[in-house]
Amino acid sequence: MKTKLAIFATILGLQAAWVLATCAVQERSLAQGTVILLETRPVDPRDLLRGDYVTLRYKISDVPLNLFSPPRTEAIPPGASVYVALERRGEYFEVVRASLEPIQPRRGEVALKGRSGEWWGSAAGRSVRLDYGLERYYVREGTGNPQGKVTVQAAVPPSGQGVIKEVLVDGKPYAQVMKEKAKSF
Amino acid sequence: MKHSDIDTIYKAGLITEAQHRQIIDHFHIREDGGRFLAILSFVGAILVGCGVILLIAANWDEIPRGAKIAAGLLLMLGAHAGGWYLREVHGGYRKTGEALHLAGAILFLGNIALIGQIYHLSSRPPNALLLWWAGIAALPWLLRSTPLHLLSLLAFGVWFGLEINQAGSPLFFGHDELQILLYALLGLLFLGAGYCLRDTSFAEFASATEKFGLLTFMVFTFPLTWGTIYRPVSSPSAGTWLFPVMALATLAVTGLGLQKCKDLDRKGRWTWGLAIAGAIALLAGELWLVPARTTWQAADLSGGYHWVCAVGLFIFALFQVQAGIQSRSEFLVNLGVIFLGLDILATYLSLFGSMGRTGLVFVVGGLLLIGLGIGLERQRRQWMHQIKAGRAAGPDFPEACAS
Chain A
3 MKTKLAIFAT
13 ILGLQAAWVL
23 ATCAVQERSL
33 AQGTVILLET
43 RPVDPRDLLR
53 GDYVTLRYKI
63 SDVPLNLFSP
73 PRTEAIPPGA
83 SVYVALERRG
93 EYFEVVRASL
103 EPIQPRRGEV
113 ALKGRSGEWW
123 GSAAGRSVRL
133 DYGLERYYVR
143 EGTGNPQGKV
153 TVQAAVPPSG
163 QGVIKEVLVD
173 GKPYAQVMKE
183 KAKSF
Chain B
202 MKHSDIDTIY
212 KAGLITEAQH
222 RQIIDHFHIR
232 EDGGRFLAIL
242 SFVGAILVGC
252 GVILLIAANW
262 DEIPRGAKIA
272 AGLLLMLGAH
282 AGGWYLREVH
292 GGYRKTGEAL
302 HLAGAILFLG
312 NIALIGQIYH
322 LSSRPPNALL
332 LWWAGIAALP
342 WLLRSTPLHL
352 LSLLAFGVWF
362 GLEINQAGSP
372 LFFGHDELQI
382 LLYALLGLLF
392 LGAGYCLRDT
402 SFAEFASATE
412 KFGLLTFMVF
422 TFPLTWGTIY
432 RPVSSPSAGT
442 WLFPVMALAT
452 LAVTGLGLQK
462 CKDLDRKGRW
472 TWGLAIAGAI
482 ALLAGELWLV
492 PARTTWQAAD
502 LSGGYHWVCA
512 VGLFIFALFQ
522 VQAGIQSRSE
532 FLVNLGVIFL
542 GLDILATYLS
552 LFGSMGRTGL
562 VFVVGGLLLI
572 GLGIGLERQR
582 RQWMHQIKAG
592 RAAGPDFPEA
602 CAS
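Protein chains in written order, with this note's numbering: chain A, 3 to 187; chain B, 202 to 604.
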């Protein structure tokens, strides 16, 4: 009975530990990561059973193959890890270099890790589409329809795994804009 | 035989109180209300788990994220603690305790979804399901809970479905509808695993695993009889290693497991084993023998292979009924009869063409189907009667049946 209880408690402990450890890692990334501002391209919001979310596609999501070092002529298979170096160009951060190997960021650069996705578009073979894990922003039920310019503040820790810190609509926090919108109705 | 039936016989004065107790003890008959309450508890647990997941999905942004995470963890741990107390400490409400464990296991998925929502984690969705399955996989074995075991099988199945659709995954099977072949194979794998569990210290999971597996196989094989499976010209699924590896594993596991099917005689085991091997061959034929689609017309989609599937599934269902009668399994017989009927219905619907002719075929065919339904039901009752007679005859029934 004691052994059974011990094993049971260990399993529950591991489940709770995963929850808490994931929170800790994400909170650390949010608190200590370099905050960058990214420009998005509007995509229709979608919703699933587990919650409404806004699908975010970024300018940095499509990376031309000529930015890769060493230069690439062949398409990158889906699911491959890709590292990009971002540099501030005006207000937003943009891709300046990319590689299939981890990138050491130079001064003023931020290294971000992504994964290549499937792409059947006309630019397939000239660019690669990357998912950074920043593509979904979960929102309150019924508020997945932002109107205005959507930009994203992401925190990027040294590991390169970016986390969304805030989504801004015309420079204001998303939740605030949606609350104001609800009041005006 | 229900508890209430014995009570009625006792009240009518046909048996003494001692005999009443003796019958109940001998056949391990539980009170009818207990089972009903157990079902209610499990439905309640599933509703609570799904309800919490939906509440999480509603995403109340006024609640601080720390409070959300704490509430999620407390609910999950509280459900398990309550379940442990009721089953292991109090002991009086074992089924309710099991239901609370079930709610706790579903709430772990809720917590994973909550973390994903709070931190907007979106990379690789199958990982969340894999984590859920890995987190709850040991619980059924530790707590000896069949509902938890079924939830664990379901979690594995859902992860498997997402993984084979994940581009870049080593298990990636293409995005086409042929993926149902893998789900059907997984069902047979579960069936074989269920057989393997017989005569082990976890024999109580065997029946549920077998039923879940066979039901999965039938549900995912049945669409092959429709002739509408979409098959793109350049489907990657035909070239992957996954199907042959799973097919071989299923054959091996089922072959091992069938040796433990003592409720079937040697001939019955061979017949049922060959029926399962034939079913795997039927799935392989769908993957490798059917030509790729060249036009959009439905008739071209399967190249006529769906007729082979219709006949194959019909024969499989007949063997299943035969195995069910010999092993005295009402589930095998009932499921076999249902799919015999569905198979006939699918074949019938595939046969007609224009609207004018369809109307006539519907009327004539409808009458035929009503007749067929009555015939099938009568046959089913006869088979049930045979099973019950076999139970009364005792352990010599398989031999009697074979002769």
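Keep in mind that the hints were calculated from the coordinates and are not lab data.
Among the clues, some could well be false.
[Said to hold, decoys possible] Straight-line Cα separation of at most 25 Å, SDA-like style, residue types lysine to any residue; simulated pairs:
| id | chain 1 | residue 1 | chain 2 | residue 2 |
| --- | --- | --- | --- | --- |
| 1 | A | Lys167 | B | Glu263 |
| 2 | B | Lys412 | B | Ala478 |
| 3 | A | Lys115 | B | Leu330 |
| 4 | B | Lys296 | A | Lys167 |
| 5 | B | Lys412 | B | Leu550 |
| 6 | A | Lys115 | B | Lys296 |
| 7 | B | Lys296 | B | Ile224 |
| 8 | A | Lys185 | B | Ile264 |
| 9 | A | Lys61 | B | Glu263 |
| 10 | A | Lys185 | B | Asp262 |
| 11 | B | Lys412 | B | Tyr320 |
| 12 | B | Lys296 | B | Gly283 |
Among the hints numbered above, which are violated by the structure, and what are their numbers in rising order? Per hint list: 4, 5, 6, 9, 11 violated.
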